[in-house]
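Q: Residue-level listing of the chains:
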Amino acid sequence: MTRYLRWTLPALIALGLSIPAQADKKAPEANTCGDYGTNVHFEKTPSDAARKALKEEKLVCVLHVSGDFEDPDFT
Amino acid sequence: MNALADEKVGNYLEKYFVSSFQRVGTFRIVGKAKQGGNVATYFCAPDGRVLHAIAGPVNAATMLREAQWVVEQAKKGIEVAKNDGGSFKAHMRKAHADKLRAEHGLVVEPVTFDPVDPKDNDGALTYRDPTGRALAPILPPPPIDGPDVKLRLQLENAARALPASALVRDRGGRGWALNNQGRVHHLLAGHSMGQIEKLYGAVFEGILGERITTRPVEVVDPFPGRGRAVRN
Numbered sequence: 001m002t003r004y005l006r007w008t009l010p011a012l013i014a015l016g017l018s019i020p021a022q023a024d025k026k027a028p029e030a031n032t033c034g035d036y037g038t039n040v041h042f043e044k045t046p047s048d049a050a051r052k053a054l055k056e057e058k059l060v061c062v063l064h065v066s067g068d069f070e071d072p073d074f075t
Numbered sequence: 001m002n003a004l005a006d007e008k009v010g011n012y013l014e015k016y017f018v019s020s021f022q023r024v025g026t027f028r029i030v031g032k033a034k035q036g037g038n039v040a041t042y043f044c045a046p047d048g049r050v051l052h053a054i055a056g057p058v059n060a061a062t063m064l065r066e067a068q069w070v071v072e073q074a075k076k077g078i079e080v081a082k083n084d085g086g087s088f089k090a091h092m093r094k095a096h097a098d099k100l101r102a103e104h105g106l107v108v109e110p111v112t113f114d115p116v117d118p119k120d121n122d123g124a125l126t127y128r129d130p131t132g133r134a135l136a137p138i139l140p141p142p143p144i145d146g147p148d149v150k151l152r153l154q155l156e157n158a159a160r161a162l163p164a165s166a167l168v169r170d171r172g173g174r175g176w177a178l179n180n181q182g183r184v185h186h187l188l189a190g191h192s193m194g195q196i197e198k199l200y201g202a203v204f205e206g207i208l209g210e211r212i213t214t215r216p217v218e219v220v221d222p223f224p225g226r227g228r229a230v231r232n
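Protein sequence lines correspond, in order, to chains A and B.
Each residue of the first sequence is one higher than the one before, counting from 1 in the working numbering.
Each residue of the second sequence is one higher than the one before, counting from 1 in the working numbering.
Just chain A, with the same shape it has in the complex (with noise of 0.2 Å):
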């Protein structure tokens, strides 16, 4: 039971609270790792992502793909 607790939780209550606070933000950095021809930016790795996400009190969102992501005509 602890394990969930320890990341899960504290991770998702942070993103409650912080909701409001996350409105009032600027725009996040740079991108530095792309946007692919969308309105979202992507890290590099879920990993970075899951990092980022734990710092910035948010979610994580993954897509898995087939196929070159980068590449418009291979994806």
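Hint data in this document are derived by calculation from the structure and do not stem from the laboratory.
Check before you lean on any hint, since a few could be wrong.
[As the list claims (entries may be wrong)] The calculated lysine to aspartate or glutamate pairs, modelled on EDC-like cross-linking and capped at a C-alpha distance of 16 Å, are:
(1) B:Lys75 / A:Glu57
(2) A:Lys52 / B:Asp6
(3) B:Lys8 / B:Glu66
(4) B:Lys15 / A:Glu56
(5) A:Lys55 / B:Asp47
(6) B:Lys99 / B:Asp47
(7) B:Lys94 / B:Asp114
(8) B:Lys94 / B:Glu109
(9) B:Lys75 / B:Glu103
(10) A:Lys52 / B:Glu14
(11) B:Lys82 / B:Asp98
(12) B:Lys198 / B:Asp47
(13) B:Lys15 / B:Glu66
(14) B:Lys99 / B:Glu109
(15) B:Lys99 / B:Glu79
(16) B:Lys76 / B:Asp98
(17) A:Lys55 / B:Glu79
(18) B:Lys198 / B:Asp114
(19) B:Lys15 / A:Glu57
(20) B:Lys15 / B:Glu72
Model, not experiment: these values are computed from the prediction.
Assemble chain B onto chain A, guided by the hints.
A: Okay, now just chain B, sitting in the frame of chain A:
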């Protein structure tokens, strides 16, 4: 990727999520034509536990609705659980079962606890792919207790239009038609808050029917003999 190009979707995802992507499957190029290719979206806690998923490409409205749903359920879960991880997990699984009933007309009893896994993943008899990594298992979703009577006729009509392999089976062995998102809720009513590495096989292979591989593109020449030097 059209849904992610939408401004509202982009703004919402940027506000509540940090995003990334992974290549887990391939598609084939046969001659000059592309065959296959797919996408699955996972909404996770920062420790990799899956709160929700979307199987396959969806439009912007669906992407936004599902993202909003998971954020709302996470907030509700925090209120209900009161620092109890088990209660939070149970809340998420019940939420998936409720959504499955409301939107797809099927009733499942959410599995609110995880039984001990009897498999020894480090054992000598455990199959591993050539990279040494254990394959992602295709997890069984909870059994279907029965359809919602309101949608029974629709479900039966849909079931008749589908091949047997596309149906999910209830306890009585009857097949019921569920679209990809219904099958995601069915799966997550029993496995939500599981680690993404344990769940992605069930989504990508089990629901989408794609093969998991690290090869991005498989090129197939339908006429392999063409261009070969002719021997006399």
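Q: Given the hint that Lys82 of chain B pairs with Asp98 of chain B, does the C-alpha gap stay at or below 16 Å?
A: Judged against 16 Å, a Cα distance of about 21 Å means the pair is violated.
Q: Run the distance test for Lys94 of chain B versus Asp114 of chain B: straight-line Cα separation, threshold 16 Å.
A: Holds, at roughly 14 Å.
Q: Has the given pair, Lys76 of chain B with Asp98 of chain B, been kept, meaning a C-alpha gap of at most 16 Å?
A: At roughly 14 Å apart (the allowed maximum being 16 Å), Asp98 of chain B and Lys76 of chain B satisfy the hint.
Q: Decide if the proposed pair is consistent with the structure: Lys198 of chain B and Asp47 of chain B, CA atoms, cutoff 16 Å inclusive.
A: holds, 13 Å
Q: Given the proposed pairing of Lys15 of chain B with Glu72 of chain B, does the C-alpha separation stay at or below 16 Å?
A: holds, 14 Å
Q: Would the pair Lys198 of chain B and Asp114 of chain B pass a check requiring their Cα atoms to be no farther apart than 16 Å?
A: holds, 13 Å
Q: Given the hint that Lys15 of chain B pairs with Glu66 of chain B, does the C-alpha gap stay at or below 16 Å?
A: Cα-Cα ~15 Å, so holds.
Q: Can you confirm whether the C-alpha distance between Lys94 of chain B and Glu109 of chain B stays at or below 16 Å?
A: Since the Cα atoms of Lys94 of chain B and Glu109 of chain B sit roughly 8 Å apart, the hinted pair holds (cutoff 16 Å).
Q: Do the alpha carbons of Lys15 of chain B and Glu57 of chain A lie within 16 Å of each other, as the hint requires?
A: holds, 10 Å
Q: Hinted pair, alpha-carbon criterion (16 Å max): Lys99 of chain B, Glu79 of chain B. Please report holds or violated.
A: violated, 19 Å
Q: Against the 16 Å threshold, does the CA-CA distance of Lys99 of chain B and Asp47 of chain B hold or violate the hint?
A: Status violated; Cα separation ~24 Å.
Q: Taking only the CA atoms, is the gap from Lys99 of chain B to Glu109 of chain B under or equal to 16 Å?
A: With Cα atoms ~12 Å apart, Lys99 of chain B and Glu109 of chain B stay inside 16 Å; holds.
Checked against the numbered hints given earlier, this structure breaks hints 2, 6, 9, 11, 15 and 17; the rest are met.
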